[in-house]
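What follows is each chain in one-letter form.
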Amino acid sequence: MPEEITIKFENFSFSYDGKNRILDDITFDIRKGERVLILGPSGCGKSTLTQCLNGIIPQLIDGKIDGNITVDGMDVLDTPISTLSHHIGIVFQDPESQFCMLKVEDEVAFGLENLLYERKAMKKKIMKSLGSVDLLDYKDWLLNRLSGGMMQRVSIASLLAIDQEIMIFDEPTSNLDPRGTAEVSDTIRKLPENKTLIIIEHKLDEFIDIFNKILLLNAGGKLIASGSPREIFKDHYDELQNMGIWIPQIQKYIYKLYKSGIAVNNFPINIEEAKTEITNLPEREKAINILREELRENIRNRPAAAASFAARPVISVENLSHKFRKSDNWVLKDISFSIYRGDFLGIVGQNGSGKTTLAKLIINLYEASPPSKIEVYHPDKKSDSPVKGNKILEFTGFAFQNPEHQFVEDTVYKEINYGLKTRSLDDSTSDLKINKVLELLELADLKNANPFNLSQGQKRRLSVASILVMDHPILILDEPTFGMDYRTTASLMDILTKLNSQGTTIIIITHDMNLIFKYTNKTTILKEGKLADFDYTHRLLRKTDLINDCHLSVPQLYRLYREVESYAVL
Amino acid sequence: MQFFEYYEGDSIIHRINPAVKLGLFFILMLVITFIYDPYTPFIFSVLALIQITVLARIPSRQVMKMILPLLLVLAGITITSIISFNTGMEVAPRILFSIGKIEISINSIKFGLTIGLRILCFMLYSLLFVATTDPTDFIISLILQFKLSPKIGFGTLAGYRFVPLLSTEYQNIFEAHRVRGMEERSGAIAKIKRFKKFAVPLMVTAARKAQRVAIAMDSKCFYAYPKRTYLRDIRIRKADVSYIIIFILICAIIFITLTWFGVLNWGYRSLR
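Chains as they are written, first to last, in my numbering: chain X, 1 to 570; chain Z, 1 to 272.
Hints listed in this document are in silico derivations from the structure and should not be mistaken for laboratory results. One or more of the hints may lead you astray.
[What the hints assert, rightly or not] Each pair of labels, with its calculated beta carbon distance range:
| id | chain 1 | residue 1 | chain 2 | residue 2 | range |
| --- | --- | --- | --- | --- | --- |
| 1 | X | S424 | Z | A190 | 51 to 59 angstroms |
| 2 | Z | G159 | X | N20 | 46 to 54 angstroms |
| 3 | Z | P164 | X | S13 | 52 to 60 angstroms |
| 4 | X | D62 | Z | R194 | 29 to 37 angstroms |
| 5 | X | A263 | Z | Q211 | 33 to 41 angstroms |
| 6 | Z | P164 | X | K436 | 39 to 47 angstroms |
| 7 | Z | D233 | X | N212 | 43 to 51 angstroms |
| 8 | Z | I152 | X | D75 | 26 to 34 angstroms |
Just so you know, these numbers come straight off a predicted model, no measurement behind them. In this text, a Cβ means the ideal position worked out from N, Cα and C, and glycines have one as well.
Starting from the given sequences, assemble the full structure and let the hints guide the process.
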């Protein structure tokens, strides 16, 4: 018997200004206990949709509304937030800014206090909900001392405590490292079956098997499809791709099989299903060949393109150690590696493992503790002495993690021009350069916009643009693709690859292992401030223990490949 | 420099209701403001120090770390007060020496020490309060015992969490601008200009975080009912009543003794 309907959207439209509809004529039902993924390109109104659900729109944020939403029979537009909040809870994207208490236990208690629980019942509930997210031992900890993944689990626990039947997750893992992502997706997977889950997420590799329904929105805020993940990936693949949505590698591969005439029965969702399907195929050999092709596309296996001037490196780090204050612990300890002109280095490791600090030490923002030795050479000059101090920044571009921090001007155009001003170029030359970069990063229409008014992805592209325009021979980018969709990520990475093949030395810091394997030729892995490994990236594929030990992952395609090939050998 | 901060512990003083501590210390400080002799604030400073180190068991190294930098400021204030004391108002000034036109009398020294020790006294009681009071307990006792609105109380707690976050944010922005080639000029105008550039991203972040927290609180049923319950059991207990009585008794003994010996002076005019 189908479960009762709990959420109902009827011809619902919303716009902030009364003209541009963010959501356009949306109609759908969600049944009790369903696990729903809301999928769509960035800016398609996914977050707006969830805000409409719990009454934040229109009760806290104003706008023009048509149509109806009901939750458990209540008209959302007329029911106060305080009533709706008994039924719907949200876990937000930024783990840090959703708490109002200082300690874990108090935070979980907050909702219960609002609902007038007695102290004894409250304590019982807190233990139970912290237990179900495996955080009982952290009951008395300060929230500030938890990792991002743990904070998200506290947030889940505090919703479990008040027992709302609908839980919304607004990009719960986008701020987390791979380990945190795995923790949170495991926690979500284990949530009680009677909860209705609505999840917005970009990176689906870890999540895809959780859902039994996907709602697909397009850029205009229209609902264009709704169905099981299998149906959506099978029947709407081209639309997904055109909208720039991240498609998990497995689904990409399966679709490719379809295209080349290999009929896979039940569109597989995870590695296990894919393995079973492929090993049972009559055209197994052909399917595995296609898998190899895909792997070659997703794992870089070629050396750095441009040769070095001499045997001397561009950046050489020797016995690097660093702490911020004498009494602190070491942030980095005994790190040594060097890279050469034309290298594309990836730095990976958990949050707090010292990645950003390492990058900042390289550009001399901080002073390393003796006897550390960091040497940076100009890649295009023959000089044998390293460049010192602030001079490093004259030929090194550095993009910060949060693009907003770097903004100094009030329009996009001026922002890109800011660095060029020091170059004493004539106006037409710099104008040409700026327009080229604007074009390249799809920002041309936003020339006169204020940087702070851009979307997250646009801000990221702007910060990259302001660095690219300088034509630096060394680029260091901290989380360059954070918050960007598949299409803009791919186009940014293509630009970087092209520069790299022309000899630009590039360092990226990222959590995205697919990016590491596809684009970089060398990787530095940090673990708790120590160098866990420095090697050619493709060699990491075989270092399974190391990868697991550092809570990293190899691409899903490669995991699938290992599965089906070992089977073939048997 | 390290600011006064909560030092986790389970001492007698830690367990006293924050509202009680706040009330007692506040009244004592108010009284001390009207006293113009150096002995009284000195004795009460000693009383505070005893409570900090012996009763609350806060390591003296910790106390030193928080107090030492402030002692310098204190010395400055004392000297300025000595110099600024108007000997002309004294009936029979006993001048010790003079620097140019400025005459320093015994009462000048007395006045300077009074002001200095008074501020030391304020500092020590603030330290005693802050170091022994869990911020969450403090806010909840303000709500329960002083009838502060929970809206303001919980809003303050949420804001308190942001203080360290914003200071990291400031550091990040500073570095980001340096990387972009911000002029490192010193001087007031350059500093103000720089602050303007920093203020925008800082305020954008703060406003965004504030809105998010507000939404998060609402979606956890904040003010679903006009009333609320509390996990932390913060009441005025017997121990609090005993503390109040003992504290007042000791203060009374000190006041009476000092008056008996004729060293306790009320009001500025007592220095005539």
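Results of checking the hints against the structure:
Taking 51 to 59 angstroms as the suggested C-beta distance range, the pair X:S424 and Z:A190 does not conform, at roughly 22 angstroms. The hint said 46 to 54 angstroms for the Cβ distance between Z:G159 and X:N20, and at roughly 34 angstroms that hint is violated. For Z:P164 paired with X:S13, a C-beta distance near 42 angstroms fails the hint of 52 to 60 angstroms. The supplied range of 29 to 37 angstroms is met by X:D62 and Z:R194, whose beta-carbon atoms lie about 36 angstroms from each other.
Checked against the given bound of 33 to 41 angstroms, the beta carbons of X:A263 and Z:Q211, roughly 51 angstroms apart, lie outside it. Taking the beta carbon of each, Z:P164 and X:K436 are about 42 angstroms apart, inside 39 to 47 angstroms as hinted. Distance hint check for Z:D233 and X:N212: the Cβ-Cβ separation is about 44 angstroms, which falls inside the suggested range of 43 to 51 angstroms. Between Z:I152 and X:D75 the beta carbon distance is about 32 angstroms. The supplied range of 26 to 34 angstroms therefore holds.
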